[in-house]
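**Student:** Once you've looked at the hints, dock chain U against the given chain P.
Listed below, chain by chain, are the residues.
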Amino acid sequence: MIRLERRVETPRWLDVAVPLASFVAALVVGGLVLQLTGHSALGTYERIVERALTSDGALSGTLVAATPLLFTGLAAAVAFRMNVFNIGGEGQLVLGAIAASGAGLALEGRPGWLIIGAMVVAGAAAGAAWAAIPGALRAFTGTNEIITSLMLNYVAANLATYLIFGSRSFWRSLEGSGATFPTGKRLPPEASWPSLELGGVVVPFGFLLGVAGAVVLLVVLRATRFGFAMRVVADAPAAARYAGIRGRRVVLGVMALSGAAAGIGGASNIGDTRHVLDPRGLNQAGYGYAGIVVAALARLNPVAVVFVSIVMGGLANAGRALQGPDFPAGLVGTLQGLLLVFTLGGEVFARYRIRRARTVHEAHAGAPPPPTAEVTA
Amino acid sequence: MTTTEHAAETAGGPPPAVAASGITKRFPGGVVANDDVHLELRAGEVHALLGENGAGKSTLSNVLTGLYRPDAGDLWIHGRLTELHSPRDAIDAGIGMVHQHFRLVAPFTVAENVVLGERSPFRRREAEERVRALGERYRLPVDPTARIWQLSVGQQQRVEILKALDRDARILILDEPTAVLTPQESEALFEVMRAMADEGRAVLFISHKLDEVLAVSDRVTVLRDARNVGTVTTADVDTRELARMMVGREVALGRARTGRAPAPANGARPPALVLDGVGADDDRGCPALHDVTLTVAAGEVLGVCGVAGNGQRELAEVVGGIRRATAGTVTVAGERLRKADPRVAHAAGVAHVPEDRLHTGTAPSLSVEDNLALLAHRRPPLSAGPFLRRSRIRARALELMARFGVKAPGPTTPVRLLSGGNVQKVLLARELSSDPALVVAASPTRGLDVGAIESVRATILAAADAGAGVLLISEDLDEVLDLSDRVAVMYEGRIVGVVDRDEADVTELGLLMGGATLAEVGP
Numbered sequence: 504m505i506r507l508e509r510r511v512e513t514p515r516w517l518d519v520a521v522p523l524a525s526f527v528a529a530l531v532v533g534g535l536v537l538q539l540t541g542h543s544a545l546g547t548y549e550r551i552v553e554r555a556l557t558s559d560g561a562l563s564g565t566l567v568a569a570t571p572l573l574f575t576g577l578a579a580a581v582a583f584r585m586n587v588f589n590i591g592g593e594g595q596l597v598l599g600a601i602a603a604s605g606a607g608l609a610l611e612g613r614p615g616w617l618i619i620g621a622m623v624v625a626g627a628a629a630g631a632a633w634a635a636i637p638g639a640l641r642a643f644t645g646t647n648e649i650i651t652s653l654m655l656n657y658v659a660a661n662l663a664t665y666l667i668f669g670s671r672s673f674w675r676s677l678e679g680s681g682a683t684f685p686t687g688k689r690l691p692p693e694a695s696w697p698s699l700e701l702g703g704v705v706v707p708f709g710f711l712l713g714v715a716g717a718v719v720l721l722v723v724l725r726a727t728r729f730g731f732a733m734r735v736v737a738d739a740p741a742a743a744r745y746a747g748i749r750g751r752r753v754v755l756g757v758m759a760l761s762g763a764a765a766g767i768g769g770a771s772n773i774g775d776t777r778h779v780l781d782p783r784g785l786n787q788a789g790y791g792y793a794g795i796v797v798a799a800l801a802r803l804n805p806v807a808v809v810f811v812s813i814v815m816g817g818l819a820n821a822g823r824a825l826q827g828p829d830f831p832a833g834l835v836g837t838l839q840g841l842l843l844v845f846t847l848g849g850e851v852f853a854r855y856r857i858r859r860a861r862t863v864h865e866a867h868a869g870a871p872p873p874p875t876a877e878v879t880a
Numbered sequence: 010m011t012t013t014e015h016a017a018e019t020a021g022g023p024p025p026a027v028a029a030s031g032i033t034k035r036f037p038g039g040v041v042a043n044d045d046v047h048l049e050l051r052a053g054e055v056h057a058l059l060g061e062n063g064a065g066k067s068t069l070s071n072v073l074t075g076l077y078r079p080d081a082g083d084l085w086i087h088g089r090l091t092e093l094h095s096p097r098d099a100i101d102a103g104i105g106m107v108h109q110h111f112r113l114v115a116p117f118t119v120a121e122n123v124v125l126g127e128r129s130p131f132r133r134r135e136a137e138e139r140v141r142a143l144g145e146r147y148r149l150p151v152d153p154t155a156r157i158w159q160l161s162v163g164q165q166q167r168v169e170i171l172k173a174l175d176r177d178a179r180i181l182i183l184d185e186p187t188a189v190l191t192p193q194e195s196e197a198l199f200e201v202m203r204a205m206a207d208e209g210r211a212v213l214f215i216s217h218k219l220d221e222v223l224a225v226s227d228r229v230t231v232l233r234d235a236r237n238v239g240t241v242t243t244a245d246v247d248t249r250e251l252a253r254m255m256v257g258r259e260v261a262l263g264r265a266r267t268g269r270a271p272a273p274a275n276g277a278r279p280p281a282l283v284l285d286g287v288g289a290d291d292d293r294g295c296p297a298l299h300d301v302t303l304t305v306a307a308g309e310v311l312g313v314c315g316v317a318g319n320g321q322r323e324l325a326e327v328v329g330g331i332r333r334a335t336a337g338t339v340t341v342a343g344e345r346l347r348k349a350d351p352r353v354a355h356a357a358g359v360a361h362v363p364e365d366r367l368h369t370g371t372a373p374s375l376s377v378e379d380n381l382a383l384l385a386h387r388r389p390p391l392s393a394g395p396f397l398r399r400s401r402i403r404a405r406a407l408e409l410m411a412r413f414g415v416k417a418p419g420p421t422t423p424v425r426l427l428s429g430g431n432v433q434k435v436l437l438a439r440e441l442s443s444d445p446a447l448v449v450a451a452s453p454t455r456g457l458d459v460g461a462i463e464s465v466r467a468t469i470l471a472a473a474d475a476g477a478g479v480l481l482i483s484e485d486l487d488e489v490l491d492l493s494d495r496v497a498v499m500y501e502g503r504i505v506g507v508v509d510r511d512e513a514d515v516t517e518l519g520l521l522m523g524g525a526t527l528a529e530v531g532p
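Residue numbers (the working numbering), protein chains in the order written: chain P, 504 to 880; chain U, 10 to 532.
Simulated from the structure, these hints should not be mistaken for laboratory data.
No false leads were mixed into what you were given.
Just the calculated beta-carbon pair ranges, DEER-fashion:
1. Tyr855(P) <-> Glu135(U): 34 to 42 angstroms
2. Ala741(P) <-> Ala356(U): 14 to 22 angstroms
3. Gly541(P) <-> Val41(U): 56 to 64 angstroms
4. Phe131(U) <-> Tyr855(P): 30 to 38 angstroms
5. His110(U) <-> Gly546(P): 58 to 66 angstroms
6. Ala741(P) <-> Thr421(U): 19 to 27 angstroms
7. Arg412(U) <-> Gly789(P): 50 to 58 angstroms
8. Asp292(U) <-> Phe684(P): 57 to 65 angstroms
9. Arg749(P) <-> Thr422(U): 22 to 30 angstroms
10. Ser672(P) <-> Ala356(U): 49 to 57 angstroms
Here are some chain U residues pointing at chain P (derived, C-beta under 10 angstroms):
11. Glu326
12. Gly329
13. Ile331
14. Leu367
15. Thr369
16. Gly370
17. Ala372
18. Leu375
19. Leu383
All C-beta atoms, glycine included, are put in the ideal place defined by N, C-alpha and C.
For reference, chain P alone in the conformation it holds in the complex (with noise of 0.2 angstroms):
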């Protein structure tokens, strides 16, 4: 019989063993997925480095698709920490990606180091208010968060729909062929982030950014009094009270930094990529949802989040790369699942420790039971 038993505490070790493990696994079940399906495991594994990482460049491929992921990644990483389930990653993408290509568009003919720096700040100040609703939901009258920030998600895509193909609205292009098929209007050259060549590779300005995100939040967890009272807010909200922490702040003020995090990463992918509001785009890419597996792979840590956004950036990009006729993109989308299932369920080993024991057994007939000890006292 295999019994599955709480451990009181996970050793260190195993806190890197068993993600390791984890993806050893999911490699070789997708190898074996590859190779019923009659693709060559090793070959596809070696195409998708190549196409990740090795080739030309591949690697600034993979940064480019790593970046929106990296915050929305960072957006659940600190929201998950302080047991405050923004689900609502996704809606706070598009209200930043609205905002900031407003910002983009208003500031036409302004210097291009202001206009991308409105590009941030509207992005931010949009995904922080858009997920403040939900916030204050919880902190003033104890809503289930993840039920409305889930909710939003849809109002924010038909609301980027409605922008671009509801309505004449600010974002929408009505010359040229815009004016017979719905697009939104493209952003001024100046309003294109710069990038930085390192090595031969091309690294976004949204990139760098999401990385030094990701240590600003480390520093905030770590070493602000905010960061100290979100920790005693998630560990125990009663004692939290009772030192006069302001427990509805704290959680308002979580959500509103997830919010801005998830509002850079839609700026982000206006200035650094795409350059115009697309709403069928941002819907279809789910960078928030997959910003939540980031999260939980990186096991909620800001700093892991930025390695785990390149893998599984590096899996879209490459993915991408990959696809055709012989290879369907199903097959990258299985590779990525498991990669999520093993990871996850890896977990139980990291909690729980597993016996195969009987449960009682007979002590040999007659034998008296072992003297206790009996001291004077």
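**Tutor:** Relative to the frame of chain P, chain U by itself:
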């Protein structure tokens, strides 16, 4: 003393109900909670288990109920070598546990709670009849159709015991069962324990109250520092000897305030606390405090006793600024608290030691140093602007740990890994380090071992000697009598009597706690 005699009995008679031998349990971080512990529990005896919380009493009972697996050692139940992997196994092996914190489903009826977890289909009538019969047989009267939330704490405990009896537990473990009872209720419980033992059941009684252990048990096993100190026949020992075995040295307990002058009528200082006509609601919005008027002088210890759930928690929370008063005024050290805000109360000089020390008093997963900084982290010198100053937080933590005798592997150890006594010391260190005008302490020694009780009491009395008023709220009547200058009794949200400690009488107070009036009780 009785070694050979008992050994002979054991060899000749039936095997003991429980024989634990060489039980060793280690926790990560090098903590050894049980180190080669032996326990022999015989059918037909009430066996007391005494020991410090840090010393493995709770660990041993968790091993016996299948919550923990020992790293070494054997467990023999009725002569059979048994491994328990889960509480389910323990139930199947006939072991019943009455936890200190009840495991009952509040919206369910008594009968539903008793049969909860049984694998047979639920038949209401049958279950109710069975519970009624069981209650009559053991003189544990409780209405099987009543819902748990309607019952008093004492009645809830009866349900827990009935639950174990209904499963025909031959081995019963009671963890600090008297902590929530009035003296009269405790007496009744002891009779039930004796009756169960007379039927041939084995009863393990975990308690830190020496006089209760002496009153009810046949034998006592004492643990200290995770090891056996010994097992003795109760008739052969006295309080002093048991206390010495448990703590490993002589302890001064009881009448801690003897010889101290009555509360100084200090004209220079305003009273530490004045409550005038205070009312408050409980969490469900029902009135929980009615017209409470009390004064605590500076340097005075006012004990508030009463059965749990009679408004004590609400009283403490109103004074601590956590609960809004619906009527009346709260004045701390001459300053009226106009707003229910713990920061305002703290600024006025209130130190609050809540009853649930681990989850309300501290953030258990956070480190000792963070918990010590819980209040002070907002201001310099522990923070500068929005940033914490980690080195100062640590230095202050080390200083407070030394001053208040907190034993922990280090300032970064999570509080939940500390023993109950050390958690309480962390809490006291934090609250008393600000030189408060008023200390509100709720059941400050509940569940602690004798050594820790002694030091917690000394710390609280030292605060009073330094001029703080102390509002001591406790269900432990002995403690209230030992520490207080005056004693107030609460019943159903009202103060039903205030008496000087020297005039207080246990029986009288017990009756007041049960709802009698001062006039009825009379001197």
